[in-house]
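K.L.:
Let's have the full structure, built from the sequences with the hints guiding it.
Using my numbering, the first residue of the sequence shown is number 4, and each one after it goes up by one.
Treat the hints with caution; some may be incorrect.
[To be verified] Computed cross-link-like contacts, PhoX-like style, restricted to lysine-lysine with a CA-CA straight-line distance of at most 20 Å: (1) K240 / K201; (2) K201 / K211; (3) K254 / K224; (4) K201 / K234; (5) K234 / K259; (6) K234 / K263; (7) K240 / K263; (8) K240 / K211; (9) K201 / K259; (10) K228 / K193; (11) K211 / K259; (12) K254 / K228; (13) K228 / K259; (14) K193 / K234; (15) K263 / K201.
If you are wondering where the hints come from, they were derived from the structure by calculation, not from laboratory data. This one's a predicted model, so the numbers in the text were calculated from it and none came from an experiment.
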Amino acid sequence: MNFKYAIKIFLYTIVFLIIYFINDLFLYYIPFIIIHELVHCFTAIILGYSVKSIKMLPFGISASLNEEFITPLDDIFISISGPLINFIFFVMFSLFSHKDIHLLMLSQSNLILCIFNLIPAGFLDGGRILKNLLKIFISFYSAYSINNINGIILGCLIVFVVFLVPVSFNSFILIPMGIFFIYTGYTSQKQIIIDIIKDTLNKEEYSKKVKIFEEYTIIYKTDCKLMDVMKYFCFRKYYIIYISVDSKSHKILNEKEILKAYLSFGNIMLSEISKFGT
4 MNFKYAIKIF LYTIVFLIIY FINDLFLYYI PFIIIHELVH CFTAIILGYS VKSIKMLPFG
64 ISASLNEEFI TPLDDIFISI SGPLINFIFF VMFSLFSHKD IHLLMLSQSN LILCIFNLIP
124 AGFLDGGRIL KNLLKIFISF YSAYSINNIN GIILGCLIVF VVFLVPVSFN SFILIPMGIF
184 FIYTGYTSQK QIIIDIIKDT LNKEEYSKKV KIFEEYTIIY KTDCKLMDVM KYFCFRKYYI
244 IYISVDSKSH KILNEKEILK AYLSFGNIML SEISKFGT
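P.N.:
Next up, the structure:
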């Protein structure tokens with residue numbers, strides 16, 4: 004076994020033991036957090052993807068796939084499968100929860116995991132579902148911006164709520180969790196342009212699997228910048244951009260040409276595209 008990997012397992016074990024002695028209710032969540040993530044993996048495999056790795060995060064477990072691109076619809080199915088299994092466990096344990104306090108705790112822990120993961124914010128399953136729906140019907144820019152802002156707001160709410168409740172172990176856990184949501188939302192917002200470029204490049208792969216496309220024509224003035232155009236790109240719509248040169252002529256560009264110009268010259272104005280020879 005890799006030495007670093009063994010050390011990591013040892014440290015996680017120590018952390019879980021400390022948490023157990025402070026508050027053993029946490030152990031009701033651990034098995035179902037793992038099952039939740041494994042169901043994500045099984046769903047991805049059923050849909051034809053392969054699992055690259057499963058990593059332990061500060062507040063849960065995350066799986067990554069070998070494939071660079073996951074279609075939005077597949078990503079929605081993968082995302083919703085985790086909360087769905089928690090809901091199934093909730094119903095199962097609820098049927099017998101009146102007989103045993105432990106079954107009641109198991110029922111409640113699965114309900115909490117289901118509801119929490121469906122919050123449409125950040126890296127949560129609900130956030131991924133929201134992001135993919137917006138990518139299909141609205142735009143890549145809106146998908147990432149709204150989801151990142153939701154994550155930051157959720158993080159701020161979590162931290163704020165901590166100060167309204169008595170100091171306890173639960174509040175100790177919630178503070179770093181809220182900070183983690185704020186941090187990931189902020190860092191993700193900073194790389195939003197990279198995400199838009201990746202999705203635009205993946206649009207061709209998406210078109211092979213989804214035959215329904217709507218073609219949109221937009222006329223822009225030359226003082227608009229490339230990012231003003233790219234903010235409208237999404238999976239379901241394909242844009243043909245008309246740039247008015249003067250009252251009698253215009254230049255026609257497609258999404259790939261806009262993207263190429265952005266990668267080559269940065270966020271220039273549309274009037275500068277001809278000057279740079281694009």
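K.L.:
Please go over all the hints and tell whether each is borne out by the structure.
P.N.:
Now for the hints, and whether the structure bears them out:
1. K240 / K201: Between K240 and K201 the Cα gap is close to 16 Å, so the pair holds against 20 Å.
2. K201 / K211: holds, 16 Å
3. K254 / K224: Holds. K254 to K224 sits at ~11 Å (cutoff 20 Å).
4. K201 / K234: Roughly 13 Å separates the two Cα atoms, so the pair holds.
5. K234 / K259: Distance of about 14 Å is within 20 Å: holds.
6. K234 / K263: holds, 15 Å
7. K240 / K263: holds, 19 Å
8. K240 / K211: holds, 14 Å
9. K201 / K259: Status holds; Cα separation ~12 Å.
10. K228 / K193: Holds, at about 19 Å.
11. K211 / K259: holds, 17 Å
12. K254 / K228: holds, 15 Å
13. K228 / K259: With a Cα-Cα distance of about 15 Å, the restraint between K228 and K259 holds, given a limit of 20 Å.
14. K193 / K234: Measuring from Cα to Cα gives roughly 15 Å; hence the hint holds.
15. K263 / K201: holds, 12 Å
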